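Q: The lines below spell out each chain.
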Amino acid sequence: MLKPVKPANEADRLAALHALGVLDTSPEERIDRITRLARSCLNVPIALVSLIDENRQWFKSRQGLDISETPRDLSFCAHAILNGDLFIVPDALRDPRFIDNPYVIGDPYIRFYAGMPITLSSGFTVGTLCIMDRRPRHLEARQVSILEDLGRCIVGELESQSTLSYLKTIRDQEQQLRAVLNGVSEAIILVADTNIIQAANPAATHLFGLETSQLIGKQVTFLLPEIDKLQWQSRTRAERQHTRVLAENGAELDVEVSIQRSTVNEHSMQVMVIQDVTDRLKVERMKAEFVSTVSHELRTPLTSIRGALDLVLDRFHNQLPDKAAMMLQTAKRNSERLTLLINDILNLEKLEASSSPLDMEELDIVTLTEQAISANESYAQKYQVRLVLKDAPILAWVHGDEHRLFQVYANLLSNAIKYSPVGGTVEISISSAVGKVTVSIRDHGPGIPDSFRDRVFQRFAQADSSDSRKRGGTGLGLSIARSIIERHYGTIGFRPAEGGGTVFQFSLPVSAPTEENTHA
Amino acid sequence: MPDSVKLLYVDDDDDISSIVELAFEGDDRFHLTVCHSGQEALIAAEQAPPDMVLLDVMMPGMDGRATWRELRAMHSLADIPVIFLTAKVQPAELQELFQLGAADVIAKPFEALSLPDRLLAIKRQ
Chain A
3 MLKPVKPANE
13 ADRLAALHAL
23 GVLDTSPEER
33 IDRITRLARS
43 CLNVPIALVS
53 LIDENRQWFK
63 SRQGLDISET
73 PRDLSFCAHA
83 ILNGDLFIVP
93 DALRDPRFID
103 NPYVIGDPYI
113 RFYAGMPITL
123 SSGFTVGTLC
133 IMDRRPRHLE
143 ARQVSILEDL
153 GRCIVGELES
163 QSTLSYLKTI
173 RDQEQQLRAV
183 LNGVSEAIIL
193 VADTNIIQAA
203 NPAATHLFGL
213 ETSQLIGKQV
223 TFLLPEIDKL
233 QWQSRTRAER
243 QHTRVLAENG
253 AELDVEVSIQ
263 RSTVNEHSMQ
273 VMVIQDVTDR
283 LKVERMKAEF
293 VSTVSHELRT
303 PLTSIRGALD
313 LVLDRFHNQL
323 PDKAAMMLQT
333 AKRNSERLTL
343 LINDILNLEK
353 LEASSSPLDM
363 EELDIVTLTE
373 QAISANESYA
383 QKYQVRLVLK
393 DAPILAWVHG
403 DEHRLFQVYA
413 NLLSNAIKYS
423 PVGGTVEISI
433 SSAVGKVTVS
443 IRDHGPGIPD
453 SFRDRVFQRF
463 AQADSSDSRK
473 RGGTGLGLSI
483 ARSIIERHYG
493 TIGFRPAEGG
503 GTVFQFSLPV
513 SAPTEENTHA
Chain B
3 MPDSVKLLYV
13 DDDDDISSIV
23 ELAFEGDDRF
33 HLTVCHSGQE
43 ALIAAEQAPP
53 DMVLLDVMMP
63 GMDGRATWRE
73 LRAMHSLADI
83 PVIFLTAKVQ
93 PAELQELFQL
103 GAADVIAKPF
113 EALSLPDRLL
123 AIKRQ
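Here the protein sequences line up with chains A and B, keeping their order. To convert, count from 1 in the first sequence and add 2; that's our numbering. To convert, count from 1 in the second sequence and add 2; that's our numbering.
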């Protein structure tokens, strides 16, 4: 027996076969109808549609045969697909390729075989329409013609089936996408480079107060009059930006828009996702007003308390008994703490209000770090702690709010100083990696207890509830630092330092290449 | 004292105004006039035009802003510095006061003892 060789284009042929999507599917009447016709017209006991995959021939349709597949090496069809013409074996027992084939010398005792290759319109032959008989025979010209025509019918059926199946998949995907588009609460519109709206989802019709047919074809600037201020046509990143919507009923709405460039049918388009934030901003404004009012109500009596304590301690210091002076100092210290607390709460509220913008500019984080170290030197001296800049690149540019980032340094450095032993050092280092710069602040303090690690960045979180009194913090510093870093699209975290102490570090996206040369 | 700064201080809060009065007590660099409402301040300013005004923002009736608008409308007071005292320190609130022409804004709680020096520094500017 001679094993069939593989066609030269085997990999592409297999890809074409798999793309049909018919392997291992159920029998289908429209294919079976053709094999039945082949069996009866050509007067043979067996007629099959055989598809040749990597290791087997699998029968999509079979008449007169019980098995559904055979090994490829034993199949006649694997020989038949090697050229595009009808392949005929008049007597298998006289053909050296099949003389000892188990299907020839055993069940189903094949003696005659004729296989019409199934060659797709792409040119790849994926199998055959074949007939078999248990006795030697020949085909007349008329019979050859019938078998060839029926083989072409099989090609037509398989390819139309494949097209239908492809269309069904596309339809399914379209329905899924439509369900998503219909289900989202954000308005989504597709805008051509000519500023004309090409498509819109139901949320967009709701937002703008227009039917889909009225929206499509409209200039986007009629609905989003300030959209040009966002310079949206040059934007490639989907950042959320604030703007206004002019609805059909004349209402003006506050919205956030993210714009993503996309290509549809080789045309450049913008996908605009628009979220109505009118209610959210209203709540934020109410919250800001509430915080402002509460702040006023707290600050006014605090002014009297602090002022009175300052005056008594200054003007009548010599007349006060020691214990009374000590008590008044305690009251003064705590009134100062209350002032810090109110300031921190206000800061945090401001940071968390999305409407409160950051004053962004290009900053060299190395210079900023040096300035922050210098600004916190006197505080460190008070605790007899040294601040040391260990490693840093020459320059590292970030896009940030200088005042706010300075606040992050103040909060992290003051924490590190407060928790350092007397005579200790706080080491600051800056490192750059692809796309980001990381600032690390390492102390040699007692470290953060395991039980507290999950709550470090929570508001009013301190490992020991007496810490705020002992060390003078408000419990909001790290929470504020995290809010600031997150508003800069950065990350902040901490880890235990080798040899004791803690390393707090934050990373910010770089805005320009960093010079790698470092100075100690 | 002929060279002392005539300071008009307006605050409806009796506790805070007592403290401010005490902070200026004995400081001959200032001649302090304390008023407890905007109306009272307008009358006092007409009788004795001040060199500078220290004005609480939140007051019932005529608030600090309205008081300053009226004071500024008086010809003799058009160019004198006004310093606002406020417990509302959101950026928008501060910006509004500077737009009204504030020479400075002092946030509550403030250090009463250093107030005279601070005001003198502002006056010199």
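Please keep in mind that the hints were generated in silico from the structure rather than gathered at the bench. Only a predicted model underlies this, so the values are computations on that prediction, with no experimental measurement involved. It cannot be assumed that every hint is accurate.
[Unchecked claim] With a straight-line Cα cutoff of 20 Å, these simulated EDC-like cross-link-like pairs (lysine to aspartate or glutamate) come out: (1) K352(A) with E95(B); (2) K125(B) with D17(B); (3) K334(A) with E98(B); (4) K90(B) with E488(A); (5) K352(A) with E98(B); (6) K90(B) with E299(A); (7) K90(B) with E286(A); (8) K438(A) with D403(A); (9) K352(A) with E488(A).
Q: Are there hints from earlier that the structure breaks, and if so, what are their numbers?
A: 2, 3 and 4
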